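Dock chain to chain to rebuild the complex, using the hints, since each chain is given by itself in its own frame.
If you read the sequences in order, they're chains L and X.
Heads up, the numbering used here is the position in the first sequence plus 4, with the first residue counted as 1.
Heads up, the numbering used here is the position in the second sequence plus 41, with the first residue counted as 1.
Hints are not guaranteed to be accurate.
Unchecked claim - Straight-line Cα separation of at most 25 Å, BS3-like style, residue types lysine-lysine; simulated pairs: (1) 286(X) x 111(L); (2) 286(X) x 18(L); (3) 13(L) x 60(L); (4) 60(L) x 20(L); (5) 20(L) x 286(X); (6) 54(X) x 134(L).
In case anyone wonders, no lab produced these hints; they're calculated from the structure.
Treat the numbers as computed from the prediction; the structure is a model and nothing was measured.
Here are the chains, one letter per residue:
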Amino acid sequence: MSPKSIEVKNLTKKFKDFTAVDGISFDVNEGEIFAFLGPNGAGKTTTIKMLTTLLKPTSGEMRIYGNDPVKEENAVRRSFGIVFQDPSLDDELTAWENMEFHGVLYKVPKDTRHKRAEELLKFVELWDRKDDLVKHFSGGMKRRLEIARGLLHHPRIFFMDEPTLGLDPQTRNHIWDYIKELNKSEKITVFFTTHYMEEADRSAERVAIIDHGKIVALGTSAELKSKTGTASLEDAFINLTGRAIRQEEASSADRMRTSRRMWRPSR
Amino acid sequence: MNTIYILWLRQLKRYLRSRVRIVGSLAQPLLFLVALGFGFGPIYAKAGGGNYMQFLAPGIVAMGILFTAMFTGIEVIWDRQFGFLKETLVAPVSRFNIMIGRTLGGATVAMLQGVAVFLLTLLIGFRPQSLSLLPLAFVFAFLIAILFTALGTAIASLLDDMQAFPLIMNFLIMPVFFLSGALFPLSGLPGAIEVVSKLDPLSYGIDGVRGALVGQMTFGFGLDFLVLAVIAGLVMAIGGYLFSKIQI
Chain L
5 MSPKSIEVKN LTKKFKDFTA VDGISFDVNE GEIFAFLGPN GAGKTTTIKM
55 LTTLLKPTSG EMRIYGNDPV KEENAVRRSF GIVFQDPSLD DELTAWENME
105 FHGVLYKVPK DTRHKRAEEL LKFVELWDRK DDLVKHFSGG MKRRLEIARG
155 LLHHPRIFFM DEPTLGLDPQ TRNHIWDYIK ELNKSEKITV FFTTHYMEEA
205 DRSAERVAII DHGKIVALGT SAELKSKTGT ASLEDAFINL TGRAIRQEEA
255 SSADRMRTSR RMWRPSR
Chain X
42 MNTIYILWLR QLKRYLRSRV RIVGSLAQPL LFLVALGFGF GPIYAKAGGG
92 NYMQFLAPGI VAMGILFTAM FTGIEVIWDR QFGFLKETLV APVSRFNIMI
142 GRTLGGATVA MLQGVAVFLL TLLIGFRPQS LSLLPLAFVF AFLIAILFTA
192 LGTAIASLLD DMQAFPLIMN FLIMPVFFLS GALFPLSGLP GAIEVVSKLD
242 PLSYGIDGVR GALVGQMTFG FGLDFLVLAV IAGLVMAIGG YLFSKIQI
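If we strip away everything but chain X, and leave its shape as in the complex, we get (with noise of 0.2 Å):
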């Protein structure tokens, strides 16, 4: 239990010091807004969606999550080269907790960004339908950034440098983002994308924490939750068995 608290308070520390990291890391999203929220704002509604900015926002919120979750968990590599993870590794402690430790402390991290992009899309506009329900965004939230953090120390355990990161971007975060219906409704897609998307694990959280911030749903909470509960524990699962195997 100690364990799992320090190796979190590791990452939270690491986190706040880093101003920069913070500041820097809000500017995609905020690109995303202003570029796509008003650029495809006027279109969206005269294609009968209604505003483009309440649909927009709980996804790049979600992508802030992703992203943060991602590269927090692709951390363990700058640990490996870096010399830190010897330190752990040669601890008298399971390295399930290790792993589990990491894995809470880069989803409280990404977290803390999710919530920064939130109070960004407030600025910009955006208006969540109702506060109660802002708990239940929270969870799916959350659900993201375990399950991505998870996948991101998974991916990192098996490599052990950097040059496989443009990789990882291109062929994994990108698309996992941009078909998972983050930006565009999932309904009435060409048939291969609708497979694609369905498949996307992001597809779920993202439909949850938007149903929850503005009521718009495709698959429904229930079904939300049970994918991204099973999958984060899965991942988590082999998430761990990688690391315990990391011989350096």
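Looking at chain L on its own, in the form it has when it is part of the complex (with noise of 0.2 Å):
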């Protein structure tokens, strides 16, 4: 067996009386590339948050190249990059001033940093635009660049939330051309989730799929396709998870969006 980059045991988190993750076990090999699928609210972006130290868990363990992201999160934090699913840049400064501003603080030493970041830019074809301010950029330049600037300090796993989510086929494309290269060339470990069926067909090694905070089945795509008879990655999803819509509260951002515009006093 190869060895592991993320081990969870039992990992459960509950948000007052509602269990988002509810006791899920999985492993993720070094150099794979590990599609977390699931429904809206299944408990995939609150996964990613745990294992990235941004929320702590109610119970159970993890551990990221060995280290806990509870009592080592420092050394976790060091040796992952990701890509969130909303956006996280400054709209406000540059391409290359995001850039810099990543790897100061993940303490790049000068020379390193801007060489890796001329040549990251360069890889998701920004070189060109990296000292216009991040707010003109389009959703697509804006993933391209938040997939460099998580991969500036050369991260050994790389989560993406949703990174192709609102784009379009070419530049969705695009994107996974780049992930698979970085993930030959650097052997990086990439844990990403989607609502794109044919792309965790098309690139993941194993799946995972989520649904209400509990894993319902983890393997190959072929694996997923012949345990529930059907053709597609998309239909064995649909056999496993159900039909039904679901519902997801509107999040605090959305209404923020609205009054963003009428109290804005110190911009």
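Here it is in structure tokens:
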């Protein structure tokens, strides 16, 4: 067996009386591309937040390359890069400044930082736009910048929470080409979520499906298809999680977007 | 150290890039200066208070600092909602340093705004008594800036959206400003108002700034400095603690 990059045992997260993640266990191998799928509100983002030290679990154990995200948070933080579900760039800074900010926070020495930032910006084809403010970027460009930024400090594992949400097929393909190339050239482990089943089918070595906070299936795409007797991963997914449409509470961010324009006294 | 510097730099760049914000937040102090300064000037002089503009201007400078400082502190909520906060929270650096960097950045921005208001008061006709005490006014202004940026950050750490913003505005910033002695002298007040104004940390900040600029004081530089420094330190410690406990 190859060494593990992520180990999760009986991980549980409760918010008051709602159990978002309910005793899940799984491992991710080193250098693997691992898809974490599930309907809205299934617990995907909550799991990623716990793995990346943003949320404390209610119970259970996690290890990222042997380190505990609860007790050894800085060792864990150094080892991963992340692309969040929502944009997390500073719109008022340029692409280059966003990279610099990240590099300084992660204590990447100046020479390496600048060299690596240049490499990565060229890699995601944003080098000629490096001095433009991020607020003038399209959704796809922001995503590519976030990917470049997440890789700046040479992480061993890369978390991506719906990295291709809302992007056109061209950009999605483009992004997956980068990610697969990185996975090969830097031996980086990739852990991602998506609603586009064909992405998981094409790119992931193994797929986990989570529903109502529990993992309902785990294996290669072919295994899941044969287990459910379906022809596509999408059908297998529907078969495992049911047809009912999930309710998700409107986040406070949605409400904020409305009030943002009214209350902007300080900008 | 680098962490603090880069966070400070970020705040500064954001501020200098939003000219609308700079101009926009000068409008309110200007209105106060003109309406209150010229409006109450004659009656203040008749009551034997002297030149009201000389009295009022330091208070309005402090007001510019107070508002900018609180708003930059509360910006943590925007960063939380629009994602950038996560980028700093998953970085392998101490959250306390992040909070310090933000606070110093916010305080610097508030100081720049304070200087802008000060220049505005000069235009309107305010004349500081002596230039030699200007650095001392600067020290008190900076303490005000630190204290209220840290307070804004601490409050923002507890909130996850902007719903509470009008509450903060009406129940904290406004009372802190109006009861601080920015607009009226703190002597000979009705008992309750006097007690409240003495509990208001901004009173000590304004007392210090006014003392340095025009020589009128209630508490004295020593007490002003002590109160401000202690409360600023306390608020920063609490803010740092709350910030380190943020979960998203």
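**Those earlier numbered hints the structure runs against, lowest number first** = none
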